[in-house]
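Chemist: One letter stands for each residue in the lines below.
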Amino acid sequence: MILIECPFCGVRDHAEFRYGGDGSIHYPALDADLEHWHDALYLRENIDGMQLETWHHVFGCRQWLLVERDTVSHEISSVKPANNDIGVILDSALTDAGGGTFSSSVGSSPVGSGDASGSSHVPDNKKE
Amino acid sequence: MTAKRIAGYGRVNPDELIEFSWDGQTLTGLSGDTLASALLANNQTVLSRSFKYHRPRGLMSAGVEESGAIVSTGSGDRLEANVRATTQELYSGLQASGQNAWPSVRFDLSEVSNLLARFFGAGFYYKTFMGPAHWLPAFARTARSAGAGTRAWMFCEKWIRRAAGMGAASALPDPDHYEQAHAFCDLLVVGAGPAGLNAAASAAEAGADVLLVEQDFELGGYLLSSGDKAHASELAVLLKRIEQAGVRVMRRTTAFGLYDHGVAGLFERVTDHQPVSASVDAHCIPRHRCWTVRCQHTVLATGAIERTMAFADNDRPGIMTAGAAQTYLNRFAVRCAQRVVVVCNNDSAYEVALQLAIAGAGVTLLDARAEIDEVWQQRLQSQGVEYQSAATVLRAVGHNRIRKVQVGLRDVASPQASWRPAETLECEALLVAGGWSPVLHLLSHRGIKPVWCETRACYVPGKHAQPITVLGAANAVFDHKQCTEGATQWATGWSASRAVSTAVPGRLLHGRRPRPQALLDALPNALPVAAKDNSSNNDADTEVDARMASGWQQDLYPLFEIVPSGEGTGGKSFVDPQHDVTVADVQLASREGFVSVEHMKRYTTLGMATDQGKMGNVLGIAVMAAASGRSISEVGTTTFRPPYTPVSLGALRGRSRGAHFRPTRRTPMHDWNLSHGATMMDAGLWQRPWFYAEPGESMLQTADRESATVRRSVGLCDVTSLGKIAVQGPDAAEFLNRVYTNNMASLVIGKARYGVMLRDDGLVLDDGTCWRLAEHDYFVTTTTAQAAAVMVWLEELSQVRWPQLQVHINSVTDQWAGVAVAGPRSRELLALLMDNPDQVNNENLPFMGVTRVETADGLPCRIARISFSGELAYEIYVESDYAPYLIDQLWRGAASMDGCLYGLEALNTLRVEKGHVTGAELDGRVTLQDAGLGVMAAQTKSYIGSTLAARAGLTDTNRPRLVGIMPIDAGDTFNAGSILCQQSDISGYGEGWVTGVASSPELGHWIGLGFVNGGHQAWENRALVAADPVRDRQVAVKVVSPHMVDAEGERLRG
Ligand SMILES: [Zn+2]
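Top to bottom, those sequences are chains Y and P. Position 97 of the first sequence, counted from 1, bears residue number 97 in the numbering used here, the numbering being contiguous throughout. If you count the second sequence from 1, you need to add 128 to reach the numbering used here.
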């Protein structure tokens, strides 16, 4: 019955959302070796406390969100767009309203992956 | 005749008689009665039979904690089992009957199980059914040594379930309807007793939006039953304030659970208090509603429940709590008996004894405490109540009704309380006042453990920082004045602190988009009042106030189990009457090493009946503490879970029933399909044509005709349910290239490609087609089953993993409707629709070609020449609104070519013949190679899943691979789901399995697809058996290449 404040839609019941997974995972590049992929896919912390996770606003704006949630109390301390570039746009739009906190100050979003092989034209600032 | 209506008492209307039936007998009650008070007034003493021992049981309480008067109401499809007579309102024509007894509760032949009682002790089920069952007759011991207990259980279950149990539910469909609803408020107040009413009124007067819920049909709580004239006028004032302040009130509504982020679940009984006909007439009124309420703050003014004490045969009809007797007298005008014994360990019973005496009963009061207060003594004497201190009841005597009690006396000088038998007293009712237990169940739902308070001998709220406040008796404040003043004070303070934090919008949760920071401030956890609010008073320094809060002259004497000195009395003393758990059971559990209270609960089933131990839990814990030489705090308490009282499954289900159980998706051609003879079937949420039978045709005959027609001429199939996704943007090509296993970047404009997506772990997610409409514009189709999952996956990849890619992903499944046109004459048919037939000739629309054209009628279409059937075939998509027109046009042409409409059954035949996979094969466990799609794996690029697909376990050539399956004897049929085994060893997982079968008119026999270890090459010339152990069939089969028709694929390229 938890409430999630979608940066785009406002406060909504969690029934509108679909839980994604661990939001702290840095997925390796598509051509990374087996060990990296294995670790990214199968090794998970079992956190007792604040956890970064991804949620998808399925019955809403269809945006993927990064949510900081306490696994014990369900307290949610932050919700941001998973796509940090969108967070930056939101923040600048909210300057009049006292500013927003939807973007990370450095780098791109905490979640992301390395580049795919053979796609050097795409900017990639999150290579592990 | 011992119980009696007393004129001038109560809130019932003596002029409004209500007829109802009890066990087939017509009785009369009064308007304002509960079923319990009406039965009591009619001197019905045995109302049910107990769970295990079939002991006669009567009224034990006057509220939700009732463990005795559990009855059935209604009949037929409205038969309702396990109704507490104490909460069922009386209405004209109410049918009620006893349960768990045959032929009736008064003469129950199963009571013999009471004589076998020593076999039914704690752990009976575990001991009997988990170990070896040597005691069973040989025919029931068929199991191999392991699991014998389970077999024994299966053998005995029927018999035991009939003997031990509760009422039987109706097996008929439920004729009533139910609703679910949502509500929002600033303050939710649970319980409309003195504390709740005052808190609600004060908060609302200060401007808060308050929702007050009360499980009873009347507001007032204790004020309704105290018998104090001043309370009646106080209640009238409070009700006026509530109304004027705009408090929203829900009566007959139970807050059954508290959940995260300020959510409460409410169960509203809308029509249970009315004759069935009235609610049926109203028709649109649901029987129950299940509410989800969101609030900023919750007040629990849930009161307290009176405990009983454990003495021999403390469950005899006629024994009830003192508070219950007070309620029956003052609220329902029923004096429970002429001759009454009151046994107590605290002050609260004194008022009851006095009131009963004033109402004409002969009363004897036994107080376990060493002394009785002077003032009380005078008052008792003035009303002729006999009393004795340091006295209690050792044993109740009587069977279907209590006849007398044996008094026990203690030596007040001795530190150890043991009770020596003294005289016996005649009585018709025994009222027990064992102390009060605050109702903290809802707090427990939020993970807040109650704490034992020695002074008040009860559990009190533990410390917490949640936006919940416990007020009144629920907070172990038993003094009326302190209850009301405390509640008012709290509500005033809360309102003030709320006004200060102006950032909190008053209607925050009503759907308005709040500003982000304001929202964070407003989240229930961050409410400033929550931090300051410390509703628990269990600190040592507040203990001083505890006695005052009790409102009693003297402390309670904590007495739970009454232990006679010397020989035991032999009777059973119950701690949990509803589940027939006795003191001896708890002691046995302790002796057998059940130290944790949670283990003891499960072993003895204490507190696991429908009342969740409302009366018995504290008693059980106290007995356990004594048995193990620990204090009650050391033993701890069990966790209460929702629901507080039973909630109907109908309410939880709401309207999600039958056709509304899940959404139904229909294609825009649905009606057209129906009008052309389609029989529909469910495909996920979709309704899809299954087959189009002609008169007299069976399903199989139809499918044979349809698939043969497609291979011979042309057929039309509604394929709208396929998932359709628009992938657009400068990086669309790069995006799709990473997602699909094959190369999509090299796909030229105006062409389509079959494509497969893997998951991260290298297993197949889905297959479909990918059309390149323009440089930056792709149209992707998915399977019907995986459409939603693929959409979510692509959104995750584009937003979370590769936010740098400039790509837009939109579902267009509902925007485009599609028809597959398949068969050798399909091009000819398509040409009929065009101004210029050359638009669809082999040059302009080659195999895997894509075109966007208008038909002769100006209908814009997207056409791709792709084939699932293996024939020359096209998929035509139009905007959804045009779909009926499109298929109508196509059908006119097809009919002239001896073509057909075909459904899923024929579609399945065509794809099995060709070895094309669907969800039956792509079940989340197969690799590209397993599915025979190895050629789809690009060697020149990386893609999602490419790294992990290379794991040794996934590349083993001996993995099960896709094969075709044919019967050795062409006349044989076999089933999907069969296990493929070697003839010599039909067991276990075999060598593979069958995923789909079809009757193939093309080949003249049944065929199938499936997976076999190593693929068909490994099994050449070796027969297998398709074993179907469920239907007990074995068919000899051979495995072949999955491409069973036109293996070279010449037809679709022509
Ligand atoms: Zn949203």
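The hints are simulated quantities; they were obtained by calculation from the structure and are not laboratory data. Be aware that a few hints might be false.
[Said to hold, decoys possible] With a Cα cut of at most 20 Å, we get these calculated SDA-like pairs of lysine to any residue:
id : chain 1 : residue 1 : chain 2 : residue 2
1  : P       : 1166      : P       : 1082
2  : P       : 591       : Y       : 75
3  : P       : 577       : Y       : 29
4  : P       : 591       : Y       : 60
5  : P       : 577       : Y       : 71
6  : P       : 879       : P       : 980
[What the hints assert, rightly or not] So, partial list: chain P residues that the calculated Cβ filter (under 10 Å) puts toward chain Y:
id : residue
7  : 720
8  : 724
9  : 1067
10 : 1071
Since the model is a prediction, treat every value here as computed from it, not as a measurement. Yeah, the Cβ is synthetic: ideal placement off N, Cα and C, and Gly gets one too.
Chemist: Using Cβ atoms only, decide whether residue 1071(P) comes closer than 10 Å to chain Y, and label the hint accordingly.
Modeler: With a closest approach of 6 Å, the residue 1071(P) hint holds.
Chemist: Does residue 60(Y) sit within 20 Å of residue 591(P), going by the straight-line distance between their CA atoms?
Modeler: At roughly 38 Å apart (the allowed maximum being 20 Å), residue 60(Y) and residue 591(P) break the hint.
Chemist: Given the hint that residue 577(P) pairs with residue 71(Y), test it: the Cα-Cα distance must not exceed 20 Å.
Modeler: holds, 19 Å
Chemist: Measure nothing beyond the straight line between the CA atoms of residue 591(P) and residue 75(Y); if it is 20 Å or shorter, mark the hint as holding.
Modeler: holds, 18 Å
Chemist: Holds or violated: residue 1166(P) with residue 1082(P), Cα cutoff 20 Å?
Modeler: violated, 25 Å
Chemist: Given residue 1067(P) as an interface hint, is its Cβ closer than 10 Å to any Cβ of chain Y?
Modeler: Cβ of residue 1067(P) sits 12 Å from chain Y, so the hint is violated.
Chemist: Residue 879(P) and residue 980(P): Cα distance at most 20 Å?
Modeler: holds, 11 Å
Chemist: Are residue 724(P) and chain Y close enough, Cβ to Cβ, to be under 10 Å, as the hint says?
Modeler: At 22 Å from the nearest chain Y Cβ, residue 724(P) fails the 10 Å test, so the hint is violated.
Chemist: Return the status of the interface hint for residue 720(P): holds when the least beta-carbon distance to chain Y is below 10 Å, violated otherwise.
Modeler: violated, 33 Å
Chemist: Residue 577(P) and residue 29(Y): Cα distance at most 20 Å?
Modeler: violated, 48 Å
Against the hints set out earlier in the document, violations occur for numbers 1, 3, 4, 7, 8, 9.
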